[in-house]
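Q: Sequence:
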Amino acid sequence: MWDPDDAIAYLQLPEAEAAVRTCAGTPDGGLPVNLQVLVISDCEKLVNDQKEWRLQRLPSLRELEIYHNGSDEEIFGGENWELPCSIQSLTIRNLKTLSRQFLKSLTSLEYQWIYDLPQIQSLLEQGLPSSLSRLSLYDRHEHHSLPTEGLRHLTSLQSLDISSCY
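By this note's numbering, the letter at position 92 of the sequence shown is numbered 92, and the numbering carries on one by one without gaps.
Be a bit skeptical, because a hint or two may be false.
[What the hints assert, rightly or not] Pairwise CB distance ranges, derived in the manner of DEER restraints: (1) Gly150 / Ser89: 16 to 22 Å; (2) Arg57 / Ser89: 16 to 22 Å; (3) Ser60 / Thr148: 33 to 39 Å.
[Claimed, not checked] In silico EDC-like links for lysine to aspartate or glutamate, alpha-carbon gap of 16 Å or less: (4) Lys96 / Asp116; (5) Lys104 / Glu125; (6) Lys104 / Glu82; (7) Lys96 / Asp42; (8) Lys96 / Asp139.
The set of hints was computed from the structure by calculation and includes no laboratory data. We put the beta carbon where it would ideally sit given N, CA and C, even for glycine.
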């Protein structure tokens, strides 16, 4: 039986459908509050069950990795995807859209990896969190240029990696 006082630092959820059912069995219906790293892969039911994750209640969460299946559903939008400001590393792969509002609360974000996000240009134009020290962009979508205006306010940026942009 799960004890809420047990420290769980890392949780990888390869199949979100099973994970949502498992996490619903925790005392408050969310994930363990001591969780530091969360990796979610191939999340068919992630959008429908996002209220049950309660990620904003995870003050120790430092790393979040989401590898999506590329469906047209908007994953990060609305109040159900509020994240704790403690997140320092964010990896996102194969999303159709990503809201600037989603990133706004991530005031401790230092590392961000974005893979295959068609709207990367508009995200850069809107601006990324100024706390970023490392940014990696990997995108196979056709881009003629990337806007530098959105990068200018990243005064802490030490490393910029841009790969596979055609």
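Q: Are the hints correct? Go through all of them and say.
A: Hints and how they fare:
For Gly150 and Ser89, the hinted distance range of 16 to 22 Å is satisfied, since their beta carbons lie about 20 Å from each other. Under the hint 16 to 22 Å, the C-beta atoms of Arg57 and Ser89, about 19 Å apart, fit the expected range. Distance hint for Ser60 and Thr148: a CB-CB separation of about 35 Å, consistent with the stated range 33 to 39 Å. The suggested pairing of Lys96 with Asp116 holds, with an alpha-carbon distance near 8 Å, which does not exceed 16 Å.
Restraint check for Lys104 and Glu125: satisfied, since their Cα atoms lie roughly 14 Å apart, inside the 16 Å limit. Note on Lys104 and Glu82: the hinted pairing holds, with a Cα-Cα distance of about 10 Å set against a maximum of 16 Å. Distance restraint check for Lys96 and Asp42: the Cα-Cα separation of roughly 14 Å lies within the 16 Å cut-off, and the hinted pair is therefore satisfied. Pair hint Lys96 plus Asp139 holds up; C-alpha atoms about 12 Å apart against a cutoff of 16 Å.
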